[in-house]
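There are 2 protein chains.
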Amino acid sequence: MPEENTEVKEVKEVKEVKKRMPRKEENSVFVGRRPTMNYVMATMMILNKGVDCTVKARGRAISHAVDVCEILRNRFLKGTEYKGITLSTEQLEGENGQTNNVSSIEIVLAPPK
Amino acid sequence: MPEENTEVKEVKEVKEVKKRMPRKEENSVFVGRRPTMNYVMATMMILNKGVDCTVKARGRAISHAVDVCEILRNRFLKGTEYKGITLSTEQLEGENGQTNNVSSIEIVLAPPK
Numbered sequence: 009m010p011e012e013n014t015e016v017k018e019v020k021e022v023k024e025v026k027k028r029m030p031r032k033e034e035n036s037v038f039v040g041r042r043p044t045m046n047y048v049m050a051t052m053m054i055l056n057k058g059v060d061c062t063v064k065a066r067g068r069a070i071s072h073a074v075d076v077c078e079i080l081r082n083r084f085l086k087g088t089e090y091k092g093i094t095l096s097t098e099q100l101e102g103e104n105g106q107t108n109n110v111s112s113i114e115i116v117l118a119p120p121k
Numbered sequence: 009m010p011e012e013n014t015e016v017k018e019v020k021e022v023k024e025v026k027k028r029m030p031r032k033e034e035n036s037v038f039v040g041r042r043p044t045m046n047y048v049m050a051t052m053m054i055l056n057k058g059v060d061c062t063v064k065a066r067g068r069a070i071s072h073a074v075d076v077c078e079i080l081r082n083r084f085l086k087g088t089e090y091k092g093i094t095l096s097t098e099q100l101e102g103e104n105g106q107t108n109n110v111s112s113i114e115i116v117l118a119p120p121k
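Protein sequence lines correspond, in order, to chains A and B. Heads up: the first sequence begins at 9 in the working numbering, then just goes up one per residue. Heads up: the second sequence begins at 9 in the working numbering, then just goes up one per residue.
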């Protein structure tokens with residue numbers, strides 16, 4: 009039954025995409041490969057509501073996330089403070105089923121008082 | 009006086025190299041482009057003395073420094089704790105005299121108890 013097979017495959021693919029996609033949480037920005045300024049603006053919009061913002065990144069994007077926070081603090085929203093920085097390791101499933109360890113960072117920013 | 013000129017140039021070059029070289033501080037590891045394991049081992053040797061170790065990095069090496077700390081904590085010296093993480097911006101002088109802002113990280117690790 010080739011039709012059934014493809015169906016199963018599709019379901020599996022959706023699952024994998026979900027796993028790899030960062031959960032979209034409120035008041036958090038997930039830094040990836042887009043231009044730095046996009047993330048700076050997204051973070052600033054959240055902080056301007058007067059609430060904390062969590063900037064997250066994995067792997068090589070970690071340096072990028074630090075850039076986003078530093079540019080924001082030095083140029084756009086002076087007085088923004090680091091409330092907490094957490095480093096951890098996440099297990100990602102690769103395309104061939106093997107798991108890869110990847111470092112991640114979560115930076116909690118508090119808006120200026 | 010061409011000779012004098014070269015002398016002045018040389019002195020300037022030495023100064024620039026000094027500026028770009030990280031200060032070698034005790035009990036700290038500056039992460040750059042060498043293999044990850046080199047830095048993991050260097051950090052482990054310091055922590056094994058029973059003292060805190062500061063892992064530093066700039067720019068793209070920030071992700072690398074996080075990898076070093078996470079590999080150390082998960083595989084080599086379980087129980088190592090993050091004592092403090094500092095993000096900042098450093099001004100580096102480029103080759104043509106202009107200054108570049110570059111993000112930096114300092115991760116203080118405490119040995120397992």
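Hints in this document: simulated from the structure, not taken from any laboratory. Be careful, since some hints might not be right.
One copy or two, it doesn't matter: identical chains are merged, so the pair holds either way.
[Unchecked claim] Derived pair list, reagent style EDC-like, types lysine to aspartate or glutamate, alpha-carbon separation capped at 20 angstroms:
#, residue 1, residue 2
1, Lys57, Glu34
2, Lys121, Glu33
3, Lys86, Glu34
4, Lys57, Glu101
5, Lys86, Glu98
6, Lys121, Glu101
7, Lys91, Glu103
8, Lys91, Glu114
Hint check:
no. : hint            : result
1   : Lys57 x Glu34   : within (12 angstroms within a copy, 43 angstroms between copies)
2   : Lys121 x Glu33  : neither (24 angstroms within a copy, 36 angstroms between copies)
3   : Lys86 x Glu34   : neither (23 angstroms within a copy, 33 angstroms between copies)
4   : Lys57 x Glu101  : neither (36 angstroms within a copy, 37 angstroms between copies)
5   : Lys86 x Glu98   : between (32 angstroms within a copy, 17 angstroms between copies)
6   : Lys121 x Glu101 : neither (41 angstroms within a copy, 33 angstroms between copies)
7   : Lys91 x Glu103  : neither (36 angstroms within a copy, 36 angstroms between copies)
8   : Lys91 x Glu114  : both (11 angstroms within a copy, 16 angstroms between copies)
When held up to the earlier numbered hints, the structure conflicts with 2, 3, 4, 6 and 7 and fits the remainder.
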